[in-house]
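Peer 1: Assemble the whole structure, with the sequences as input and the hints as a guide.
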Amino acid sequence: MATYQLTVNGERKEVTVDPSTPLLWVLREDLKMTGTKYGCGVSVCGACTVHVNGVATRSCMLPISLLGERAIVTIEAMNDDAVGRVVQDAWVEKDVVQCGYCQSGQIMSAVALLKATPKPTDTNIEESMGGNICRCATYVRIREAIKTAAARLK
Amino acid sequence: MSTANTNDNELQLSRRSFLRVSMSAAGGLLVALYLHPTAAAQEGSQPRPRPKVYPPDAFVDIRPDGKIVIQVNRLEFGQGVQTALPMILADELDADWSQVVAELAPAADVYKDPLMGIQMVGGSGSIAHSFQQYRELGAKTRAMLIATAAERWKVAPNKCRTQESVVYGPGGQSAKYAELGSDAARSVVPASVQLKNPSEFRLVGKNIRRLDSRPKCDGSLKFGLDLDLPNMKVAVVARPPVFGARVKSVDDKAARSLEGVRDVFEIPLAHGTGVAVVADKFWTAKQARDQLKIEWDFKGVKRADSSQLFAKYKELARTAGLSAMARGDAKALEGIDASKRIVAEYEFPYLAHAPMEPLNTTIRFDGDRAEAWAGSQFQTIDQMAIGEVLGLKPEQVTFHTEMAGGGFGRRAVADSHVQREAAVIAKRFRGTPVKLIWTREDDIRGGYYRPMHVHRVEVGIGADGMPSAWRHVIVGQSLLAGTPFAQYMKDGVDNSAVEGASDTHYNIPNLNVSVHHPTVNVPVLWWRSVGHTHTAYVMETLIDELAARASVDPIAYRQKLLKPEAKKLLAALGLLDAKSASWRRKLPKGHAFGISCHESFGTGVACAVEVSIQDERPRIHRVTVAVDAGIAVNPLTIESQFQAGVAFGLSQLMEKGAITFKDGVVEQRNFDGFVPPYMPDAPVAVDVHIVPSTEAPTGCGEPPVPVISPAVVNALSKLTGKRYRTLPLVTV
Amino acid sequence: MPRYRAAGLLISIIILAFGAWTIIASALGQAREQGRSDVSRAQGLVAWEQVYSVLTHPRCINCHTATNYPQQGDDRHRHFANVVRGPEGKGVPALNCVTCHQEVNADSTGVPGGHDWHLAPLSMKWQDANDNPLPSAAICRSVTDRSKNGNLDAQALLKHHEEAVLVLWAWQPGRRPDGTMRTLPPLSHKEFVAATRRWVEAGTPCPPAR
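Residue numbers (my numbering), protein chains in the order written: chain A, 1 to 154; chain B, 1001 to 1732; chain C, 2001 to 2210.
One or more hints might be untrue.
Computed cross-link-like contacts, DSSO-like style, restricted to lysine-lysine with a CA-CA straight-line distance of at most 27 Å [stated by the list, open to error]:
hint, chain 1, residue 1, chain 2, residue 2
1, C, Lys-2190, A, Lys-115
2, B, Lys-1340, B, Lys-1067
3, B, Lys-1206, B, Lys-1067
4, A, Lys-147, B, Lys-1206
5, A, Lys-13, B, Lys-1427
6, A, Lys-119, C, Lys-2090
7, B, Lys-1427, A, Lys-32
8, B, Lys-1248, B, Lys-1206
9, A, Lys-32, B, Lys-1286
10, B, Lys-1299, B, Lys-1662
If you only want the chain B side, here are some residues facing chain A, beta carbon under 10 Å, derived [claimed, not checked]:
hint, residue
11, Gln-1079
12, Ser-1199
13, Gly-1219
14, Phe-1282
15, Gly-1406
16, Leu-1650
Computed far set for chain B versus chain A, every beta-carbon distance over 10 Å [what the hints assert, rightly or not]:
hint, residue
17, Arg-1210
18, Arg-1214
19, Leu-1292
20, Ala-1332
21, Glu-1371
22, Asn-1521
23, Gly-1590
24, Val-1646
25, Asp-1663
26, Pro-1676
These are computed hints drawn from the structure, not numbers from a lab.
Glycine included, C-beta positions come from ideal geometry on N, C-alpha and C.
Peer 2: Here's what the structure looks like:
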């Protein structure tokens, strides 16, 4: 066991966990933040996507011991994020979700895309979102919602 | 080396109980799943159940603050029922939609499917079976509110009207539902009630957005896997590498030494036995499980092997099986010259459902009662199973329905194996909630797959270019055989393996469909659209081949070949033609269109796809879908279901879209070995067109799935000249 | 002598001297490159084949692709989750290499890591567009072409093989998600460096193209 000081959504948190514990499970079980989801555990599906120092990161494969001082931002903070809010609103307006389980990860990936590329082309969207699985396959509406969000972001 | 420390008697009892409870829980009406209600009604073979009286207060709670809480009698797992059923009720109720809150009802008699007699979601039957029910509930609640207001105002009820959660009296009086709610709930439930004229619908038929969108977008909505209870423990189970193997010995010293591990013990599984690890947290449990050294006993266990099975199936397919359909002249083929025949052999692999949320159940056992939380498609069956394991009656088990991250059939299991595992574990931790989690690897490797199939079809073509003789042999495991429901198979035929072929709407005068159901040591289960997943593929690719041979347009050919009674398919084809003709006629070089149509679960669907080949894979630029599902309760939901459902259907074409066995062991581990469609695999655009209808609504959960794969390969065939009869599509 | 003729003579002498100087310097330089003259060209070619055997091992070649994607695994299949090269070989937003790959291996979760994990540039592709490893002659020419290899001379190539973090990673590639260790290149790192040195001392000869 080791103790780690974390910055999550701007707040300082302290956890004492096995160093090999993936950030995903520290968030979900130690910090009780279940918005970030477990879909595969091997970074193939993207449901666990968070932002670490602004970089979209698959938290299921990041052992807490490798995090260092980097700041974590999760889906729970997107409501108060300028880009996050626009993306969420577009998702709701376009009725994107079905079961919804993958959508935290989809939104975190979409926000990362739009922050780096505010006016993404269709190719940009497909390349950046092409690593997130939606088993319900809501991809058509995800594309539409990203375009809607991009159009609204200055 | 410690041996498994479980009472043998306990194991014996649990194994017997698997069978016993499944049988009684089904109540015999489960068979209706395979004769879907419209077919049953047509054939008159299934007596209609007597209508139940559903107490409105079990479904609607009008709160003093104005909120109207509606109980949904089915699991919401993406299909939108949590919005559609409340819409239906709220419309008849004349409720203010902005005040409606939907809840997933717990397991209870009153929430059972009116036709099926169990609480369930499946067979695309939610709207079809509960449309009338929820309308009546809404209308009755409205009547009770009016009666209450009329009583207060001393006026005649028929002089009152309602609008947006308010009752208005003839003399200018008004009262909010919120004020009347508690009195109304105590008033007499009318025996019968007048329903709205469809022209009066305010919500039904409109594009109403989902109620659960926002919380699914901000991380606040809790799925079953997210449940957190005080003092909760987490369990994972080490499963045998081959179905049915049993634990011979376990070295759990290393596992137990990890901080936070609470217990390690053998448990019975639906197939064989496994070792449960219970810990304070998931990661601890998983690491401890990884440290277990287990010796397995494989005595008497059959090892499935995909290549061996396909060879065996192909051999079987060359002989007639049990008859599923025999129409016309069995010898008609013999009279047709070989040059006018097509012989085609198809192969389909096992498929995993792999819903996005891994399987999980949380149970707390308190001795004389228990509480369970799960995203289940079969709540009352699961409730009974948990009770059986814990020695409780169903009424002593409170079963909460959690929001589920997908299902596609995987959460509707008659043997309730996940719930039983959880109950066995919870029993050892009396008073403590235990959450059982299946890891993704457990899920991919854990069985309950869409069975593998081989089809062998011989078609004799008539002078008019239409098929005059059709001999079709299907080989595949039965979903029912080997279970208590085997007694419901008709003459040994499991209808779920032949639906879509034996009951085809194509007018083939001499049609012979037969089936072999081999016994294989692989647990199997219905996978979204069940038999139609493979039968539609065979039918629609062969029909297309026939159309090409006859040099007839693929839509026109189908329109000519379909029976006139196939109204929904014909309507869908007509609408499809109209909506896709312009783009079909001007395709860029290297692009081709493909057509398919199929009716399943009472809904007729036709689709056209535009495909090119990029990087040696099919690139689907566009799909146009036309659907006849009777009354479209929520067109937005239907559009969503079809846009996404066709992309889900492409699972069958994915290069790594197969579960394969080698020497009894599943070769895939996770989503990198069994790869579902990602965004680049999905169609870029899908436009959905709904045939206007006043007929009773039928389902849209499964109907999108069967049409897409044949349509895509029909387009590919135009581009490459090849026929694609083996799935998944490894090479194009 | 007229002044212009003297100037012309002086210029000629300067040019000749300069020419001689470059010839002598080049010869000296080559001799320096050659170092020990007991590493013949033939021996250098043998050493190169040893180097080639490492470069074409999955731990190295999986990131030296000719395509829009990296590979993974000993069977060198296309990397999962549709990760793509991106404009700088570092992936794209939301799917950067560092979205998963950290500064070191994450053995508890099975993801390999190393500082600045990224794809080799297309100029350093060691495969054809069909994912087949290029022949020895072709790769040899590529890696010694300073317009393609990041302007590395022979000594810099040796240093790259000796010290570069992502090169060193190939010999400590970490565990897969199933717990098994990733396989190592056919030579040890020490042998690889020694073979590179012999090849460099032979003047980085390349086999003839067929």
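Peer 1: All hints, please: hold or fail.
Peer 2: Hint check:
1. Taking the CA atoms of Lys-2190 (chain C) and Lys-115 (chain A), the gap is near 44 Å; set against the 27 Å cutoff, the hint is violated.
2. Among the hinted pairs, Lys-1340 (chain B) with Lys-1067 (chain B) is inconsistent with the structure: their alpha-carbon atoms are about 67 Å apart, more than 27 Å.
3. Distance check on the hinted pair: Lys-1206 (chain B) and Lys-1067 (chain B) sit about 22 Å apart at the alpha-carbon level, within 27 Å; holds.
4. A distance of roughly 25 Å separates the Cα atoms of Lys-147 (chain A) and Lys-1206 (chain B); the hinted pair therefore holds under the 27 Å criterion.
5. Our distance criterion of 27 Å between C-alpha atoms is broken by Lys-13 (chain A) and Lys-1427 (chain B), whose separation comes to about 35 Å.
6. For the proposed pair Lys-119 (chain A) and Lys-2090 (chain C), the alpha carbon gap of about 20 Å is at most 27 Å, so the pair holds.
7. Between Lys-1427 (chain B) and Lys-32 (chain A) the CA atoms are separated by roughly 26 Å; this keeps the pair inside 27 Å, and the hint holds.
8. For the hint linking Lys-1248 (chain B) to Lys-1206 (chain B), the alpha-carbon distance of about 60 Å lies beyond 27 Å, and the restraint is violated.
9. Taking the CA atoms of Lys-32 (chain A) and Lys-1286 (chain B), the gap is near 19 Å; set against the 27 Å cutoff, the hint holds.
10. The hinted pair formed by Lys-1299 (chain B) and Lys-1662 (chain B) meets the criterion: a straight-line CA distance of about 18 Å does not exceed 27 Å.
11. Look at Gln-1079 (chain B): its Cβ gets to within about 7 Å of chain A, closer than 10 Å, so that hint holds up.
12. At a threshold of 10 Å, the smallest CB-CB gap from Ser-1199 (chain B) to chain A is about 26 Å, leaving the interface hint violated.
13. At its closest, the beta carbon of Gly-1219 (chain B) sits 2 Å from a beta carbon of chain A; the interface hint therefore holds under the 10 Å criterion.
14. Hint on Phe-1282 (chain B) holds. Least Cβ distance to chain A is approximately 6 Å, under the 10 Å limit.
15. Of the supplied interface hints, the one on Gly-1406 (chain B) holds, with its beta-carbon coming within about 4 Å of a beta-carbon of chain A, less than 10 Å.
16. With 10 Å as the threshold, the beta carbon of Leu-1650 (chain B) comes within range of chain A, its nearest partner Cβ sitting at about 8 Å, so the hint holds.
17. Listed as a non-interface residue, Arg-1210 (chain B) fails to keep its Cβ farther than 10 Å from every Cβ of chain A; the least gap is roughly 6 Å.
18. Listed as outside the interface, Arg-1214 (chain B) is inconsistent with that label: its C-beta sits roughly 6 Å from the nearest C-beta of chain A, within the 10 Å cut-off.
19. Against chain A, the non-interface label of Leu-1292 (chain B) holds: every CB pair exceeds 10 Å, the least being about 17 Å.
20. Distance check for Ala-1332 (chain B) against chain A: the nearest CB is about 42 Å away, which clears 10 Å, and the non-interface claim stands.
21. With a cut of 10 Å on Cβ distances, Glu-1371 (chain B) stays outside the contact zone with chain A, its closest approach being about 20 Å.
22. Once the 10 Å rule is applied to beta carbons, Asn-1521 (chain B) is consistent with being away from chain A; the minimum gap is 27 Å.
23. Listed as outside the interface, Gly-1590 (chain B) is consistent with that label: its C-beta sits roughly 18 Å from the nearest C-beta of chain A, beyond the 10 Å cut-off.
24. Chain A draws Val-1646 (chain B) into its interface by the beta-carbon criterion, the shortest separation being 8 Å against a cut-off of 10 Å.
25. Distance to chain A confirms Asp-1663 (chain B) as a non-interface residue, since its nearest Cβ pair spans about 24 Å, more than 10 Å.
26. For Pro-1676 (chain B), the condition that its CB be more than 10 Å from all CB atoms of chain A is violated, with the nearest at approximately 6 Å.
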